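**Q** For this one, chain W is given, so just place chain A with the ligands on it according to the hints.
Chain by chain, the residues run as shown.
2 protein chains.
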Amino acid sequence: MKKGCPYGTHRVISPKGVLPQPADVIDNTMEIYDNEVLIDVQTLNVDSASFTQIERQANGDIEEIKKIMLGIVAKAGKHKNPVTGSGGMLIGTVKEIGPAYVGDLKVGDKIATLVSLSLTPLVIEEILEVRPDIDQVDIKGQAILFQSGIYAVLPKDLPETLALSVLDVAGAPAQTAKLVQSGDTVVVIGGGGKSGLLCLYEAKKRAGVTGKVICIGGSEKSTDRARKLNLADEYFAADATDAIGIYNKIMELTDGKLADVVINCVNIENTEMASILTTKDGGTVYFFSMATSFTKAALGAEGVGKDVNMIVGNGYCKGHAAISLQVLRECEPLKNLFAEMYA
Amino acid sequence: MKKGCPYGTHRVISPKGVLPQPADVIDNTMEIYDNEVLIDVQTLNVDSASFTQIERQANGDIEEIKKIMLGIVAKAGKHKNPVTGSGGMLIGTVKEIGPAYVGDLKVGDKIATLVSLSLTPLVIEEILEVRPDIDQVDIKGQAILFQSGIYAVLPKDLPETLALSVLDVAGAPAQTAKLVQSGDTVVVIGGGGKSGLLCLYEAKKRAGVTGKVICIGGSEKSTDRARKLNLADEYFAADATDAIGIYNKIMELTDGKLADVVINCVNIENTEMASILTTKDGGTVYFFSMATSFTKAALGAEGVGKDVNMIVGNGYCKGHAAISLQVLRECEPLKNLFAEMYA
Ligand SMILES: NC(=O)c1ccc[n+]([C@@H]2O[C@H](COP(=O)([O-])OP(=O)(O)OC[C@H]3O[C@@H](n4cnc5c(N)ncnc54)[C@H](OP(=O)(O)O)[C@@H]3O)[C@@H](O)[C@H]2O)c1
Ligand SMILES: NC(=O)c1ccc[n+]([C@@H]2O[C@H](COP(=O)([O-])OP(=O)(O)OC[C@H]3O[C@@H](n4cnc5c(N)ncnc54)[C@H](OP(=O)(O)O)[C@@H]3O)[C@@H](O)[C@H]2O)c1
Chain W
1 MKKGCPYGTH RVISPKGVLP QPADVIDNTM EIYDNEVLID VQTLNVDSAS FTQIERQANG
61 DIEEIKKIML GIVAKAGKHK NPVTGSGGML IGTVKEIGPA YVGDLKVGDK IATLVSLSLT
121 PLVIEEILEV RPDIDQVDIK GQAILFQSGI YAVLPKDLPE TLALSVLDVA GAPAQTAKLV
181 QSGDTVVVIG GGGKSGLLCL YEAKKRAGVT GKVICIGGSE KSTDRARKLN LADEYFAADA
241 TDAIGIYNKI MELTDGKLAD VVINCVNIEN TEMASILTTK DGGTVYFFSM ATSFTKAALG
301 AEGVGKDVNM IVGNGYCKGH AAISLQVLRE CEPLKNLFAE MYA
Chain A
1 MKKGCPYGTH RVISPKGVLP QPADVIDNTM EIYDNEVLID VQTLNVDSAS FTQIERQANG
61 DIEEIKKIML GIVAKAGKHK NPVTGSGGML IGTVKEIGPA YVGDLKVGDK IATLVSLSLT
121 PLVIEEILEV RPDIDQVDIK GQAILFQSGI YAVLPKDLPE TLALSVLDVA GAPAQTAKLV
181 QSGDTVVVIG GGGKSGLLCL YEAKKRAGVT GKVICIGGSE KSTDRARKLN LADEYFAADA
241 TDAIGIYNKI MELTDGKLAD VVINCVNIEN TEMASILTTK DGGTVYFFSM ATSFTKAALG
301 AEGVGKDVNM IVGNGYCKGH AAISLQVLRE CEPLKNLFAE MYA
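Residue numbers (UniProt numbering), protein chains in the order written: chain W, 1 to 343; chain A, 1 to 343.
Excised from the complex, chain W in its bound form (with noise of 0.2 Å):
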């Protein structure tokens, strides 16, 4: 059996030298390297931004959106979409384990991985059902998951759907639990969205009595959503590229004090300078959003002067599957939103 690298370069066909997922095309034979698991596919989750782009292509078309994701993985290996360059996360069973790989997966397991499908050797073999809705497609065909790979055996007090939804995200509320200590002034911007209520849930648990947690929706809608669930102390609805109004809002609601932790959980581009503003001297910023530019947050701050500690947002955290999922168990009512909006 042959040695893998714990990175997947060995499956790394062109460009030679780069890691698997810059890589164009990637070796997808399902013969598993001597540090690899072999999975059983059941779903794709593919990664929104993705599936929009190809249901655009196929004019919405079932069966072409069929044909582009067969494509896509036919030349490079993998459902890396060559024109937003993401991927997505899968679901399936594993099949074989490597005598090398270091782990407690056994054969027989359920998993979702938690690693990008963008750098997932990947065979399709049939397509079973595409439900556009979700970004779900349910296909018959198998995976291969490095040692490096991460991925979530998957709750058997969830249904799977659920548990999908929330592990997307996982990383923002398990950072947030690192991020805030008892006491802190949290604002949370995008706190309607998917992440942002799993972060409002566990800055909330984390602040205390003594803390205070701020909401900032992108509408009343989704603003009325986190209120709904009392996830927060203060709630108020505003644009987040409007730097000046938000600060101004949050000065007031802090007593001029700003915020020890803001997370940033918005999809849109623009933002860097309201979390900036409204964090306090020495305070953090963690940047989830991916819509965040490096150097709009590097030179925002050093324009207005602010000894802010910057975060970037890494989906990856030590046990975020397991944070993630707890705060479904422990609030009731965020799991039956979440039921409703995403399972």
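Errors might be hidden in some of the hints.
[As the list claims (entries may be wrong)] Straight-line distance between alpha carbons at most 35 Å, and here's what the computed DSBU-like set of lysine-lysine pairs gives:
#	chain 1	residue 1	chain 2	residue 2
1	A	Lys-194	W	Lys-2
2	A	Lys-106	W	Lys-249
3	A	Lys-257	W	Lys-249
4	A	Lys-280	W	Lys-318
5	W	Lys-2	A	Lys-280
6	W	Lys-16	A	Lys-2
7	A	Lys-280	W	Lys-280
8	W	Lys-257	A	Lys-110
9	W	Lys-140	W	Lys-16
10	A	Lys-228	W	Lys-280
11	W	Lys-66	A	Lys-221
12	W	Lys-280	A	Lys-178
13	A	Lys-318	W	Lys-205
14	W	Lys-335	W	Lys-95
15	W	Lys-249	A	Lys-3
16	A	Lys-249	W	Lys-280
17	A	Lys-75	A	Lys-95
18	W	Lys-75	A	Lys-67
19	W	Lys-280	A	Lys-106
20	W	Lys-318	W	Lys-221
21	A	Lys-194	W	Lys-249
22	W	Lys-280	A	Lys-221
23	A	Lys-257	W	Lys-2
24	A	Lys-249	W	Lys-178
25	A	Lys-156	W	Lys-249
26	A	Lys-221	W	Lys-257
27	W	Lys-110	A	Lys-280
28	W	Lys-16	A	Lys-156
29	W	Lys-110	A	Lys-257
30	A	Lys-194	W	Lys-95
31	A	Lys-205	W	Lys-318
32	W	Lys-106	A	Lys-249
33	W	Lys-318	A	Lys-257
34	A	Lys-318	W	Lys-280
35	A	Lys-194	W	Lys-3
36	W	Lys-3	A	Lys-249
37	W	Lys-194	A	Lys-280
38	W	Lys-257	A	Lys-67
What the hints contain is simulated information worked out from the structure, not anything from laboratory work.
Keep in mind it's a predicted model, so treat the numbers as computed, not measured.
**A** Positioned in the frame of chain W, the structure of chain A with the ligands alone reads:
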């Protein structure tokens, strides 16, 4: 006297509602608001990317460079290069201080502004001299510093141009001082460059004899520059876009333990993965390089299942000017090198 906003929003002409940096046009009337500082400008230190662009557009012709610069300021009220979006900094003398300004400045102080020219109200009456080799331009003119605008009073014991070159990257050694603990293993990528050399010095000072500082240079030349000054414990030249190559080398040099802190000081793209892979789980990556991509860092870490703390290199951190100038005072050989290279 009119009351000003600490962030200078009172000077924004268009578009309305944004901060002075993203603004297209700001008001450069040299009559101060109550919390502003008026500066008699001596020298503009144009951002390297910006100056290179202007020089190219002018085909190297000095009179043409002057015309382009005057045109930018006439149009925008500030020296924000419309192509690169970047500014630079300036040296000047404090001429007038608004009664509501809070700070230690006195009329007559010689200062360098540490906020970007891309947000600083500026009037150029005349361009006196252009020094293309070091991107500096002497002018007759005035500028405004906002209440939130950071600056450094120029030290009397160091040549002005030397101080300027160091202040440009002051955030890097200052953050290094905060991040590195005694006994840490530290990797500086791009360690032979301007910010890299300062970071190496600061890292070695903090990590101490029980720590280990590793310098990765982009070429033998820059690596030798650091080696000659004895700024690190290990040195090698390598291409930081080769993530796996760098990873293997750092594994070897650290007995498989990897680094507690990795500081990225390069000026090129696609070095996120080398930075992430060489950091141990739970360690910190400090991205000072402006060529860092937010999404490449966030998805990259997730893709390889690395729980690392990734920090956006804020150009500002408290005391950054003092910390960076102190490095030159403490390290005579580094001071001489900087004087040779940048002054
Ligand atoms: N770092 C990582 O590893 C990682 C992993 C997964 C996802 N993400 C990113 O995380 C972000 C959020 O994901 P999600 O699933 O939570 O998205 P989501 O459910 O769509 O939530 C986004 C929220 O942003 C709000 N918003 C939109 N425009 C706004 C504005 N101008 N001002 C204030 N709020 C505004 C929306 O409010 P309304 O509904 O009221 O418009 C919405 O509630 C995305 O950018 C995604 O790419 C990052
Ligand atoms: N965050 C902030 O606020 C802030 C403020 C100022 C500057 N910056 C950024 O900081 C970065 C560094 O600035 P600087 O003034 O220190 O620049 P610099 O003096 O030009 O140093 C850059 C170094 O990167 C090295 N390098 C280039 N390609 C490389 C490769 N493929 N592999 C390894 N090393 C490589 C170069 O080595 P060789 O010389 O051997 O090629 C050089 O020594 C820039 O990106 C700049 O934009 C950030």
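**Q** Each hint needs a verdict: does it hold in this structure or not?
**A** Evaluation of the provided hints:
no., hint, verdict
1, A:Lys-194 to W:Lys-2, "violated (45 Å)"
2, A:Lys-106 to W:Lys-249, "holds (34 Å)"
3, A:Lys-257 to W:Lys-249, "violated (47 Å)"
4, A:Lys-280 to W:Lys-318, "holds (13 Å)"
5, W:Lys-2 to A:Lys-280, "holds (27 Å)"
6, W:Lys-16 to A:Lys-2, "violated (62 Å)"
7, A:Lys-280 to W:Lys-280, "holds (30 Å)"
8, W:Lys-257 to A:Lys-110, "holds (33 Å)"
9, W:Lys-140 to W:Lys-16, "holds (30 Å)"
10, A:Lys-228 to W:Lys-280, "violated (42 Å)"
11, W:Lys-66 to A:Lys-221, "violated (53 Å)"
12, W:Lys-280 to A:Lys-178, "holds (18 Å)"
13, A:Lys-318 to W:Lys-205, "holds (31 Å)"
14, W:Lys-335 to W:Lys-95, "holds (31 Å)"
15, W:Lys-249 to A:Lys-3, "holds (20 Å)"
16, A:Lys-249 to W:Lys-280, "violated (40 Å)"
17, A:Lys-75 to A:Lys-95, "holds (25 Å)"
18, W:Lys-75 to A:Lys-67, "violated (52 Å)"
19, W:Lys-280 to A:Lys-106, "holds (27 Å)"
20, W:Lys-318 to W:Lys-221, "holds (33 Å)"
21, A:Lys-194 to W:Lys-249, "violated (41 Å)"
22, W:Lys-280 to A:Lys-221, "violated (42 Å)"
23, A:Lys-257 to W:Lys-2, "holds (26 Å)"
24, A:Lys-249 to W:Lys-178, "holds (32 Å)"
25, A:Lys-156 to W:Lys-249, "violated (43 Å)"
26, A:Lys-221 to W:Lys-257, "violated (49 Å)"
27, W:Lys-110 to A:Lys-280, "holds (29 Å)"
28, W:Lys-16 to A:Lys-156, "violated (53 Å)"
29, W:Lys-110 to A:Lys-257, "holds (33 Å)"
30, A:Lys-194 to W:Lys-95, "violated (52 Å)"
31, A:Lys-205 to W:Lys-318, "holds (31 Å)"
32, W:Lys-106 to A:Lys-249, "holds (34 Å)"
33, W:Lys-318 to A:Lys-257, "holds (18 Å)"
34, A:Lys-318 to W:Lys-280, "holds (13 Å)"
35, A:Lys-194 to W:Lys-3, "violated (42 Å)"
36, W:Lys-3 to A:Lys-249, "holds (20 Å)"
37, W:Lys-194 to A:Lys-280, "holds (30 Å)"
38, W:Lys-257 to A:Lys-67, "violated (46 Å)"
Of the numbered hints listed earlier, those contradicted by the structure are 1, 3, 6, 10, 11, 16, 18, 21, 22, 25, 26, 28, 30, 35 and 38.
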